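Novice: Listed here are the chains, written in short residue letters.
2 protein chains.
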Amino acid sequence: MNNIVFNHATVRERADMLTFLDLCAERGMHTVSIWGDEIDKVGEDKALNRLRNLGLKVSGYNRIGPFTPDGLRVAEAELERAARFDSDHIFLFTGGLAKGDRDLIGTRNRAEDTIAGLLEKARSIGVKLAIEPLHPMLNGDRTVIASLAQANDICDRLGAGIGVVIDVYHLWWDPALEHEIHRAGLANRILGFHVNDWLVPTRDLLRDRGMMGDGVIDLPGIELMVRHAGYSGPIEIEIFSDDWWQREPSEVMDIALQRCRQIFHP
Amino acid sequence: MNNIVFNHATVRERADMLTFLDLCAERGMHTVSIWGDEIDKVGEDKALNRLRNLGLKVSGYNRIGPFTPDGLRVAEAELERAARFDSDHIFLFTGGLAKGDRDLIGTRNRAEDTIAGLLEKARSIGVKLAIEPLHPMLNGDRTVIASLAQANDICDRLGAGIGVVIDVYHLWWDPALEHEIHRAGLANRILGFHVNDWLVPTRDLLRDRGMMGDGVIDLPGIELMVRHAGYSGPIEIEIFSDDWWQREPSEVMDIALQRCRQIFHP
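Protein chains in written order, with this note's numbering: chain A, 1177 to 1442; chain B, 1177 to 1442.
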């Protein structure tokens, strides 16, 4: 499965980073997506060595954010670490509104300024900045970037070195989805395509994502949009779920790969 | 408070429709928004008589939907009852995806056909059809109309007799909000403006809305957008909340009115 990537978050509760890398290599994966806090848990040298020994490359690095007024230094350190891991792109999550603040438009403007301030360094060290618009229900506390249109607008203004990641969970509902994916494709800025599913009912805003095929998202339809837009990169499996986190990581990964083979055309 | 309307849903767990109407009249309200299922509980004649005796008019009538393949007859019956209550507008909620169905685009097209099929009757009996786009997190199970842009597009295609209701809870996150409110105003199709608040954290997708002022929505900012767009109708209080439903209805209404006086310029 050369064209499938696991995001470590999918099995993070029961597999540390080293175990996760082993499980990916055992399944013939060539690429992974990783988290800075999980690197901290096992140690950077160990994590880098294991990646090298297993011949794994890094697609997405999580993450810069939430943004804070004095956070540029922290963000630059994360960017440097993403470069040491030779990551293709690093995720930006702006954070939501500060406590007691209701100025959404102002917060969005400040977030864009912060991103602009990171861009030169990102370009110079060769790691792309990735904006992943999150579901509007996460707009209060996780990010103020709530639609692909908004992410495309920001990228249009900022120029080279920044792109978008399309996660079906966050965007499947958007009536403008096909149009905005096409627009992102024309600008050659689709950096990733994340899959999972939307469960009905959804019991929690953060920790109740579904396994592909268990929900209502038209996954092959969105895959087609992304491919028609010219994206030839991997399909990344990223599931935040109390249910799946309880299960054996190897079993979760095998089920996910089987579902991907049934649903997608990677 | 001539320019404030309560939606019965705000106190429905502890006040039946007759009690609700009394509580509104005691507070000097002139208009209410009502529900068909609550009329059924007290009887249509009693409900109509109480409205007349208290001199209350009906703003919004809930509702037509969820749409079903054979639902046109039911929908027309609701429309006729909305007319008997001399309602200004009746809400349309399409429902989400049918069980096992993932064809969001097809479901949206069928929903629009259903709305088009109701429009002639609605025009002839003088009740406006109201599309209220709901939060994208409700797209799987409550409605497939997930943005104000989409609702405006539908109204553009269908012509006179149909409009939109702007509920801050569902739309506050939308980067295109000001643009789409302006667009709705130009077409003179804003039928209502609903207020409540988005709590951080939000613990439930359906029953955890906040009282105005307790959340992160820029309520005066959105009120300004709606007024600048030419809307001169009432501000409607609609809060779905297990917390507020437990409290004494008169207390909830008094707090809501006080908050409105502090926050809005009705």
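Treat the hints with care, since some could be wrong.
It does not matter which identical chain is meant; a pair holds if it fits inside one copy or across any two.
[Said to hold, decoys possible] Only pairs whose alpha carbons sit at most 20 Å apart, straight line, appear in this in silico EDC-like list of lysine to aspartate or glutamate:
1. 1222 to 1262
2. 1275 to 1390
3. 1297 to 1390
4. 1222 to 1256
5. 1222 to 1424
6. 1217 to 1384
7. 1217 to 1279
8. 1275 to 1394
9. 1275 to 1384
10. 1297 to 1394
11. 1297 to 1202
12. 1217 to 1329
13. 1217 to 1380
It should be emphasised that the hints constitute simulated quantities derived from the structure, not laboratory data. This one's a predicted model, so the numbers in the text were calculated from it and none came from an experiment.
Novice: None of the hints should be skipped; say for each whether it holds.
Specialist: Hints versus structure:
For the homomeric pair residue 1222 and residue 1262, the shortest alpha-carbon distance inside one copy (15 Å) is at most 20 Å, but the shortest distance between copies (72 Å) is not. In this assembly of identical chains, residue 1275 and residue 1390 lie within 20 Å of each other by CA distance solely across copies; the values are 11 Å between and 36 Å within a copy. With identical chains, the CA atoms of residue 1297 and residue 1390 are never at most 20 Å apart, being 41 Å at best within one copy and 40 Å at best between copies. Taking CA atoms no more than 20 Å apart as the test, residue 1222 paired with residue 1256 passes inside one copy only; the shortest distance there is 17 Å, against 71 Å between copies.
For the identical chains of this complex, residue 1222 and residue 1424 are neighbours neither inside a copy (23 Å) nor across copies (60 Å), given an alpha-carbon limit of 20 Å. For the homomeric pair residue 1217 and residue 1384, neither the shortest alpha-carbon distance inside one copy (25 Å) nor that between copies (36 Å) is at most 20 Å. With identical chains, the CA atoms of residue 1217 and residue 1279 are never at most 20 Å apart, being 36 Å at best within one copy and 42 Å at best between copies. Taking the shortest alpha-carbon separations for residue 1275 and residue 1394, only the inter-copy value of 13 Å comes in at or below 20 Å, while the best intra-copy value is 36 Å.
Taking the shortest Cα distances, residue 1275 and residue 1384 sit within 20 Å of each other only across copies (19 Å), while inside one copy they are farther apart (25 Å). Within a single copy, residue 1297 and residue 1394 get their C-alpha atoms no closer than 38 Å, and across copies no closer than 34 Å, so neither meets the 20 Å cut-off. In this assembly of identical chains, residue 1297 and residue 1202 lie within 20 Å of each other by CA distance neither inside one copy nor across copies; the values are 35 Å within and 64 Å between. Neither within a single protomer nor between protomers do residue 1217 and residue 1329 lie at most 20 Å apart by alpha-carbon distance, with minima of 36 Å and 50 Å respectively.
In the homo-oligomer, the alpha carbons of residue 1217 and residue 1380 never lie at most 20 Å apart, since the shortest distance is 27 Å inside one protomer and 32 Å across protomers.
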